[in-house]
Amino acid sequence: MIKFKKTLKQLKVVGQMLKVGLQKELIAQKHNATGRLSRGLNYEVKGTTLNVMSSVSYWKAVNNPSFAKIPNLNAIKSWLNAKRRNGTLVEPAGGSSPNLILKRMIKSGYGNRNFNGSMRDPYEFYDEGNKLPRRTNFAGYVANKFSKEVAIKLAPSIGADVASMIREKIKNNTKAKVS
Amino acid sequence: MANTEKIVVQVVVKGENDLKKVGKTADKSTKSFGKMAAGVLAAVAAFRQINEVIGSSIKSFRDFEFQMAKVKAVTGASEKDFKKLSSTAKELGRTTFFTAQQVSELQTNFGKLGFSTQEILDAQKATLLLATATDADLGRAAIVAGASIRGFGLDAKETQRVVDVMAKAFTSSALDLEKFQTSMTKVAPISAAAGISLEATTAVMGTLTDAGIEASIAGTSLRNIFLKMQDSSSELSKFLGFTVNSADDLQIALNKLNDAGLENEEIMELVDLRQVAAFNTMIKGVDRIGELRDAFDNANGSSQEMSDIIGDTLEGEMKRLTSASEGLKIALVDKLGGGMRNVLKRFTDFLNKLTDNSDDVARFITRTIDLVKWIGLYRLGVLATTKATVAWRAATALLNGTLKITKGALARTGVGLLAVLLGELGLKYLTASEDGEEFNKTQEQINKETERQLELSEKALKSQSSIGKKTKKEIEAEEQAARDKKFAKEQDDLKNNFTEGMSKLKERLKNGLDTQEEFDEKAFTKEQLHLANMLGLYKRYGQNTANINAQILDNELNRIETVAEAEQRAFREQQDIKQNQLGLAVETADAIISITTQNLNRQAERDTKLLEERKEAGLITQEQYEAGVESIQKKAFEQKKKMALLEILIDTAAAVAKIKIQAAILLANPFTALAAPAALAQIPFAIASGVIQAAVIQAQEYANGGMIEEFANGGLVHGKSHAQGGEKFAVGGRVVELEGGEAVINKRSTAMFSRQLSAMNSAGGGVKFADGGLLNMPSFSQQQFNAIGQNQMMGAMGSSSKVVVVEADITDSQNSVSVIQSEATI
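Chains as they are written, first to last, in our numbering: chain Y, 36 to 214; chain V, 1155 to 1980.
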């Protein structure tokens, strides 16, 4: 059995590095309005796998806006009924239609599908004067940016673990026979 | 398992299978190594076992030998007698509960009691039976039995009788070996002198002991009583009327005394006060004494019987097994003689020599581990594929080679030899002939073989110190050395040329002859050329080219990266310039339109004023004046309509241009390239938006009351409420609806008092400007929608609050177009 003792230790170092990298990238992409996403980043090592995780589920929408979901018609109907019941809904002259609301939401840029059901292309929104080089894919960018560094950090510890494995095998072999 | 939905980045240490392969490779090496080690260790274990057996045997033999020497010394036996003693000791040791050494102790004790060799030989077997039957110490049993024989003046041949009586007494009365010894040493000589037999004495003694009289007191009392019975002048003899001179006399005397029914007072007159208890017990136990005596007289074979019963148990078998084993050891050592010492000495020398070789073994193990470590580093790290593959190939080849070398070297270092030889030696020993001489000859042969193998091993070690070269002949080695030297020289030359060339380039950069870009380009070319030369050189000399290849690849990758970055930077700068130019053009167009509009207004004012003056001068009538004003306003309306259409046209063109620029920027960035088509797809929306706006403006007729007012300086809106249709105004090319009574604040004041205005607006049921109250708030768009939650969005849509001016109220199309007019005026 191979024991990745040093590798696992090093994976934690890599996890911290990626976490800080992601936080910096979120700031660079101006995705730090409340800081909840940034603060919610954490990492864990399971087996030989390092997972850098987010405590909030909307990280995917920040990473890729087209991932943001829109409610279905039934949900909109329920919402409308609720608003009507508590009297907070001001309906236009022609009345509100769940279909129109949904259509408007889709036209407003929500969801990853067009109104006709076809897939919407991912997009990036630029305001006038916005000089940010990127506003999406913060996770992919960080993963790509750090991939080489991760390898450089992990490789020696993996090598050391392999060496330990060999050493252990020789040692165990000897012990087994002696006893 | 972690929730995969939450995983932002994942790092997996790949190549676990590769590791297993490495593990298997290592296993192979460790297996082959392990086999040797196992062989060695098995041999060592066997050797230890052998050594233990040898040690144990020697110890047994040594102890036995020493004990027998004492027997010889004590008995003063002749060589012939001693051999008899020794052989019987071995025989009895092998076949009974007791070891040969214990038998020899028995013989020693008998010897001390003055037993002759023959007497010892006669007495020892019976004594063994006694010890077996009574589970007593053999040496003590010998002393007791010997003392009894001597005490009663019996012949050693009668030992069997003595031990039979003793065995019977120990089982039928409270007597045991200790009590018997204590009491019998006191009474035996007196009994013998009185002619009272062993059986009769033992019977009386047994009766006394049964009555709880302590052995020492019983012995002393009985001795005194017997003495009085033999003394004719004693009161006891006088009372009996005869002296006791045999066992029968004793029986008669005791019967007479018993029949007399003596009281204690009378007894005290016959014997001393201290013997009263014993004497009284004897008289009253006369029947019991008679029974015991009869039993002892018929005790022949009792010890054997008892011994058989006790021996027929597991414990008995175990004891016999131990004795047999001891007997074997003694016999083996006896027969093998001094050859064993020689074997042990040889083994010691051999192991010492192997220990000297342990450094070489350790060195090979270390080398293997380092190599695997190196493979782990390159194979398992996620480095560039090319590098890893090349390194892996080289490392694997090296590993395979080294493993072979290691295996051979290990065999030569003597570890394998140890395994073979120890195993063989162990086998030889175990199957050795009982004939010591023959074994010694075999051992000598083995020792010679060991010496020869060790010599070979030493030779192998010497040759192994320069492994790799040694497999080649001397001439080849020299040629290789020459090639290496030449390679080193050519390598140095190439390096020097490269360093020199780089120095010149740096000099040119320093003197301003080359720019930084030119220097970079030349330096890169030079370095790649140098590496290509080095690669050729390495290949020519059959050297490992992995590092050179990796370096070339690195340089190429870095260069591609640098160039790409520079190009992207330049492109961005160009796009920035274009955007600035576009912004400037739009601003200029806006300014021109604004000035033109102002001129038109002023012209209309002037014309109206002129008409007013003419009316006041009475040149025209009121009706003519009104008709003239209407004509002027209508003309101004038409002209402003044209200007509005022109502005829409310019804005639409600018929006399309801006979308194109942004799409180009998106396309240039690999991370956002996918978004470029989506951006371009917005162009039709922008155009459509412009067309719609133009159509709305075009549709406005002066006759319909579409007054175009200008609130450049702000002011109150007059006219209909929203419920009545509101008042429509053109805003930067779009039409918005205000209502009478609403205020319009000019741009400068809005900027100065935006917070206060926001608060004022929200206080009256409006919304805060931050939520979209400002016209030129570009962030209230797609991006804002993405940031706020879905519920908020829906809440905003259903809110009863009325926004002063919201883009969404103007046209849905605006949501599809990213550009929002920022400098709109009403």
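Among the hints, erroneous ones may be present.
[Unchecked claim] Ranges between beta-carbon positions, derived for each pair:
1. Val1845(V) - Leu108(Y): 55 to 65 Å
2. Ala1720(V) - Arg74(Y): 29 to 39 Å
3. Glu1766(V) - Ile141(Y): 48 to 58 Å
4. Asp1730(V) - Ala110(Y): 58 to 68 Å
5. Leu1803(V) - Ala110(Y): 39 to 49 Å
6. Gly82(Y) - Glu1671(V): 30 to 40 Å
7. Ala110(Y) - Thr1742(V): 42 to 52 Å
8. Arg1713(V) - Arg74(Y): 37 to 47 Å
9. Ala1781(V) - Asn121(Y): 35 to 45 Å
Since the hints were derived computationally from the structure, they do not count as laboratory data.
Glycine included, every Cβ here is placed at the ideal spot set by N, Cα and C.
Hint-by-hint comparison with the structure:
no., hint, verdict
1, Val1845(V) - Leu108(Y): 55 to 65 Å, "violated (32 Å)"
2, Ala1720(V) - Arg74(Y): 29 to 39 Å, "holds (37 Å)"
3, Glu1766(V) - Ile141(Y): 48 to 58 Å, "holds (57 Å)"
4, Asp1730(V) - Ala110(Y): 58 to 68 Å, "violated (44 Å)"
5, Leu1803(V) - Ala110(Y): 39 to 49 Å, "holds (43 Å)"
6, Gly82(Y) - Glu1671(V): 30 to 40 Å, "violated (49 Å)"
7, Ala110(Y) - Thr1742(V): 42 to 52 Å, "holds (49 Å)"
8, Arg1713(V) - Arg74(Y): 37 to 47 Å, "holds (40 Å)"
9, Ala1781(V) - Asn121(Y): 35 to 45 Å, "violated (58 Å)"
Hints 1, 4, 6 and 9, counting from the list given before, are not met by this structure.
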